[in-house]
Each structure stands twice: as C-alpha cells, then as structure tokens.
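Engineer: If you want the building blocks of each chain, they are given just below.
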Amino acid sequence: MNEVYVVTVGLAGLIAAILGGALPLASRVGAAVALTWLSCGAGIAAAVSVLSSGHVISLSTTAILPLTGVTLVLNPLGALFVISISVVALASTLYWLGYASHGLDTRSASSALPLFVTSMLLVPFAASVATFLVLWEMMALTSLVLVLTDQSRREAARSAAQWYAVMTHAGAAAILLALILLSAHSGGQTFADIEAHARHLSGAVRGTIFVLALLGFGSKAGAVPLHVWLPKAHAEAPGPASALMSGAMVNLGIYGIILVGNELLGGGPVWWWLLVSLLGVVSALYGALYAATSSDLKRLLAYSTTDNMGLVLIALGASGLFGAVGRPTTAAIAMVAALLLLINHSVFKGALFLAAGAVQAATGTRDLDRLGGLMRRMPVTGVVFFVGALSVAALPPFNGFVGEWLLFQGLLHGLPTSNTSVVISVAVAVAALALTGGLTVAAFVKATGIGFLGRARSIEAAEAHEAAITMRLGAAALATLCLVLGLVPMLVLPAIERAAASAGRVSATSATGGWISLHLLGLRGVLAPSLLAGGLAIAVLVVIVIRRLTHRRSHAWPAVNPVEPWGSGRKLQTARMQYTATSFAEPLQRVFDDVIRPSRDLDVSHFVESRYYIERIAYHTSNDDVLERHFYRPFIASVRWWGQRARRLQNGSVHRYLAFGFVALVIVLVVVA
Amino acid sequence: MNGATYSSFLEIAAGLVILCAFVTLWRRSLRAIVRTLAVQGMALGVVAIVLGVHRRDVVLIVVGCLVVLAKGLAIPTLVRRVLANEPMSRETSPLVNVPSSLVGAGALTFLAYGATRPVVALVSTSAGRLIPLGVATLLIGFFSMVVRRKAVSQIVGLLLVDNGIALVAFLATAGVPLLVELGASLDVLLVVVVLRVLAVQLWSKFAVLDLDQLQELHD
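From first to last, the protein sequence lines stand for chains X and S. Mapping the first sequence onto our numbering, position 609 (from 1) lands on 609, and the numbers just tick up by one. Mapping the second sequence onto our numbering, position 201 (from 1) lands on 201, and the numbers just tick up by one.
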C-alpha cells in the first residue's frame, strides 16, 4: 500500500506536468493543480504512515534510470520534510489558481510548477547517489524555468536566473563531488551501502566530504556567503513559485546537510559543527541586517529567509557540537529546535511570500516606498502578512516563538561544558541570536507598517484591489497554520522528535507534554503556549479597556484642539509626510554603515536663474549586497579578464589550431614512450 | 606465397607508404604531391591484398582492392579537381622550410618507433614489426597540416593521417571488418568533399588557395 503512495507522488506529478504543457489555456492550470494536489496528498499519506509506524518505505526499480536504477526510501526524517513541502505546495498551488492570470498560465510555467513540486517531494525519498542527483537537478532546473516566467520584468528576471543557474550548478558540482567521493570510498552508491562503510573512512576524507556537502547544500539553503542568488531569484520568481522556493526548496538544503553530516557520515568532530554554527551566525546576522535595510518587499523576505536558515544552521551546529562533546539530551533538543524552526519557517514564509505576491499582483510593484495603506484595500492579504510578520518576529502566540524558545533553551542549557571552543561559540551564537531577533523585528515592523498601514504612496497602491478568492484562501490557510502551530506545537512535536531521532540516532525523547504545556526532559524548561497566548489576550484586553476608560475621561476636558499629532499644526496630512521604508531603515543603516557600505547619491539641481534657489533634491541610496559588490563582482571581472587573455590564443589561424593539437599529441607520445 | 616473399612484399609495400609521406613533404608542386598520394593509396591497398593472400582471407583481399580504388584513384582525382583553378600552383613558402620539414619527419619517425614499442611487443608477427611505419605516416600527415599553407596540402595531410591509421589497422589486427573499413573510407571521402567545397569557396572569395587568408574572418 505504501509503495502505491510513492508511485502516485511521481506519476501524478508527471501527468500534471504533461497536462500543464498540453492542455488549452482554459483547463491547464486547473488540471495541473488537481494532479499536484493528488501528488502532495500521496506524499503526506506516505509520510504520515512512516512517522506513525516508524517503518521506512522502500522501493527500487531498474526500469527508470539506466545502469544505476532508482532507489527510493522514506525514513522519518525524510517524511517530515515531505510533509512540510506538501503543506506549502498545497497552499501555493491553490493560490496559483487565482494568480495564473498574472502571467503564470503559460505552457512552460504550467508544466514546470507541478514538476518542481514533485521533484521537491521526491528528493527526501532518494536513497542512492544517482537518484538523489537526478531529482536534485530536476528541482533546480524546473525552479529556474519558474524564475524566468515573469515577462513584465524581463531583464531583472534574466539576471536573477543567471545568478541562480551559476550558483545552483556550482553547488550541485560540490554535492556531486561529495557524493562521488562517498560512494567511491564505500563501494556502492545506495545510501545504505554508504552508511555502512562511511564510518571506516579516514578523518581527512570525511572532513573533505562534509565541507563539500556543506558548501553545496549551504548554497541551496542561502547560507552567507553563498546566498547571493537567493534575494534575486526568490524576489523575481512569481508569487507561488517564490513561496515554494523560499518555503520549501531551502528546506532541502538543510535536509542535505543533515543527510550527509548526520545520516551518511554519522556525525563528526567538533570543527565540522563549529563551521556549521559559524555559517549560521553569519547568515542570521547578515540576512537580518539586509532584511532590515532593503525596501523591496520580496527582497526583504528573501533576506529574511537567509536569516532564518542561519538560525536553523545554528541549531544544527549546536546539536552536532553537543553530540560531539557527549551531551545527547541537549543535542536532541537542539536538533528538535532545528527541525521545528524549519517547519515554522516553511509555514510563515510561505504565507508571507504569497501575501507579497498578492501585493505585487495588485499594485504592480514590490517597492515599499510606493506602497502603503494596503490594510484597508486588501484586508485579508494584510492580515495574512501581519500574522506572518509576527511569526517571523518570534512573538507569541504564533509559531515562530516556540521554535526560537526551544533554540534558546538548547543553547543556554548547553553552556556548562568542558570544551572551551563549544562554550565560546555557543555564547557567541546566543548573542548573535539576540541581535538577529531585534533586527528581524525592525525589518518586519517596517514591512508591515510601511506597506500595509498609513496612506498609499502611489496611485497603484491607492487603487489596489483585494486578491482573488483562491489566492486569499491559500495564503490564509498558511497564516491559520501559523497560529495553530503557535498554540499547540504538540501537534507536530512527536513527528519532529521521531525525525530528529532518525537523524541524530538518539532514541531519548527530549521534549514532551500534554496539550497544554511543553516540558523539556532532563532540563528545567516548561512552556505553555496556549496559556501564554491566553495571558497575552487578557493583557491586551485590559489595556484596551483601560484606554477606553481614560479616553472617555479625556473627552470631559473642554478645550481639545483637533489637530493631527506631529502635523506641526497643519490640518492636512499628505502621503509624502509619512515615514518611507528608506527613512525608517536609515538609522539602522547608519549604525551598520561599515558593514553595508551603501552608496548614497545626493542630486541637487538649482534654478537656472539663481543658484540660491533649489529646484529639486534627489536622494538615492542603494544597498546592493556588499558581498556581491566586493567579492563576486571582482571575481567575475577577473574571470572575464582571463577569458580575454585566453582569446589571444585564438587568432583565427588554422595552422595555430592544428599546431595545438599536434604539439599535444607529440607531448603525449613522448611522455608515453 | 612463402614466408620470406610474403614479408619482403609486405615490407616493400609498407615502406612505400612511409616513403610517399616523406615525398609529400619534399615536393613543392601540388600536382606532384597529389600524384604521390595516389601512389601511397595504392601501396596501402597492396598491403591489405598481400596480407589477405597470406592469411587466405578473401574479404581482406576485397578490402584491399576497394582501398586501391578509393584511395589510389577516386580520392586523388577529387583532390586534383581543386587544382584545376591553379594548375601550376606550388607550396611556395611553408611555415617550416623543406629541409627542416624532412628532418622533423625523421624525428617523428623515431618518436613513432619509440612510442609503439609496447604495441609491437604485443603483436610479435612480421606484420606487427611494421606498425611504427603507420604511426609515423600519421604523425607526418599531421605535421604537414600544421606547416603547409595551401588548402590542398591540408587535404593531403589529412589523407596521410587517415592512411597511417589504416596501415596500423591492417597490420595490427587480424583483418579489419569490411564494414568498418568501408565506414572509415566513406568518412574520409566525405571530409575530402567538404574540404574541396571549402577550397573552392576560398578560391572564389580570395582568389588564392592559401589558408592564412582565413585569418581575415577572425573577429
């Protein structure tokens, strides 16, 4: 029975892709969505059966891939990822029904999107090197097609796709090398073979494999400094595709690191995990900082993805560190925290990207400085975004809070250990987490406040209409899930624990509890999210009631002048008097000037008649990625320079070309002889 | 055919192949070079026929006859047609002059002997000892493609390479399958046709048959 699910996942996705490419305009998106739902449903069914029974599903056939065949195995860890991907995919494809008319109903898009979902669903099933790589590449290629579908921003989309293609293939090359090294040293290409032999490899080989895998998968997860493609591609991809990329695809980067580091290699020395934590700390800070300072809505969300993946990497690294110094309980908690953070991120980032896609579809822009007042025009989308923002900011009663609480618990309780490097890195991680949390709040206060509150800053924003019903439903479903997971995280905790146990090979349950409160085993930590939420609600009610009372009393005062506050006595408030995204982030940008190094440009033009009168002042600031500017661009320039050099070899003389071949042949013969 | 006559016939024919390779480097007149090529093609066919007679292998004899027809007659005729525009054309200034080319060809022959020692040791028949000659023909052909300027010389160089490969194939194996030999010959015929078209185009564009003119096309 379970095998039927697996076959259904693949077949339904494949048929969806074919129908999406073949059917006429009227029916192609509907058919593709229906079959994608079937594929996701089968994926969830398979994952639930694995998680509830603990038995893995395995299936292998030699009929599909020549020479190697296909090996599919679903273990609890993979099952967890399948569920998280399916949930985002269900919501995003529902949303797609409404979004399709915004240029996402072409044959290529209708064919690529189901294929993208299916390949993502199948990656956690892959249990041999060849299967894994084929599915991984399919995922990369189909998402690349989706990045290119936005015809209204062709140039930007093309550049983003170029960055994405190069980075994802560089990453795939690193992964390929790592997996080939693994299978060459273990004499088999199924993961079971590799797992059995990998323990006996030398430390240097294992280290090389891990670092290669970390680089490859880290680039997929958007870890700094391999993140440059992410803010471009995730921002340029159309609504549902960006939700899928940011909510589901990045997860698989983390999955890859867990797969190679914990499952195939079976854990490693302290320095591996220090490296992971370091990547996490840098990514979290860098992502949060850029999220706080960028004024493009989707770019902000994309940087926030880097930030969140940083948190997950910190948790993952902490889990490895504690495992390496012999503290299994804390290691288990950190692993559970990593997976919980990942699942939460899928849900809220999916909701946020869907909401942002709706905003872009309604207004035609993503620039926060041209938005504003959307809460009134698009109430459902606004509320979804607001809920998502609260979740990202890790505020109760939403789901982001529980994950970060667990992470802090894991880190703080891990502190008393004898290994100095672990102590230092954990302390640094905690400090970085605190700063990251603050910056994230600033970023999302900006995104919500500037984008959805206040007055419209452009005609497009003022005339925005609420999104189609399916779009609202898809986004609202994820937002609801944010609240549910925030109130009753115990719904998913058993599944996560089983997955963490399968990943980290620890059998001890780390956190338990009834429906109300969450106890950490072996540590003193209790959290009752629903009580906390209830308390919060009561507190808010009390404040409102008190305010009402005092407000009424203030009416008793006789002479109140109804002038708008901060209006300098003016009666009229215009949209241009509000904070903009740029001005809101300006103080932050000033503080982190040395890191971001934004380029500022002040253009003052005078009247021709007199230089004492200014006609207009234009202030431009651009904070394009500092790593891109100072590392990637010089690197590209140097490659181009060498390319120009190499062109001199090619002067058009046939004799020279022949001579290259001849000399090479003679040299080979001389060496052989 | 007894052993001694067989091997002396074989040696003469194979020797003629390499000698023709040297002659193509020595002569300047393109007509003479093409004539030498025809002789080489026939010598190659004779090698196959002699081998076929010795091994009592009818197919190999048929292959040898086909080689005589194709490489001794058909291909040289095609190449000669390119020369119709410039009947008296000569390879006036090769990139490496004739005496140096000959010395170079000698060095390449040594290299061929050195490089094929393992193969010769493996085959250990009287035919196997001649394998270096085939490799040397190949290297000389390649060398002449590098140093000669005229389009016709390029075609001849390529044919030398092919003849060298064919010689090694005849000597090293117990007979090339008819199909393979036919396939290879057809390939070469096609290449010659393509190069002929190129040469004719070159003539109509630049009114010379000098490959250096192609450099003009470089961006």
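One thing to keep in mind: the hints can contain errors.
Unchecked claim - Which chain S residues face chain X? A few, computed with CB under 7 Å, are given here:
hint, residue
1, G106
2, A107
3, F110
4, L111
5, V146
6, V200
It should be emphasised that the hints constitute simulated quantities derived from the structure, not laboratory data. Being a predicted model, the structure only gives us computed values, none of them experimental. The C-beta atom is built at its ideal place from N, Cα and C for all residues, glycine as well.
Engineer: Decide, hint by hint, whether the structure agrees.
Structural biologist: Right, here's what the structure says about each hint:
no., hint, in the structure
1, G106, "violated (14 Å)"
2, A107, "violated (9 Å)"
3, F110, "violated (9 Å)"
4, L111, "holds (6 Å)"
5, V146, "holds (5 Å)"
6, V200, "violated (17 Å)"
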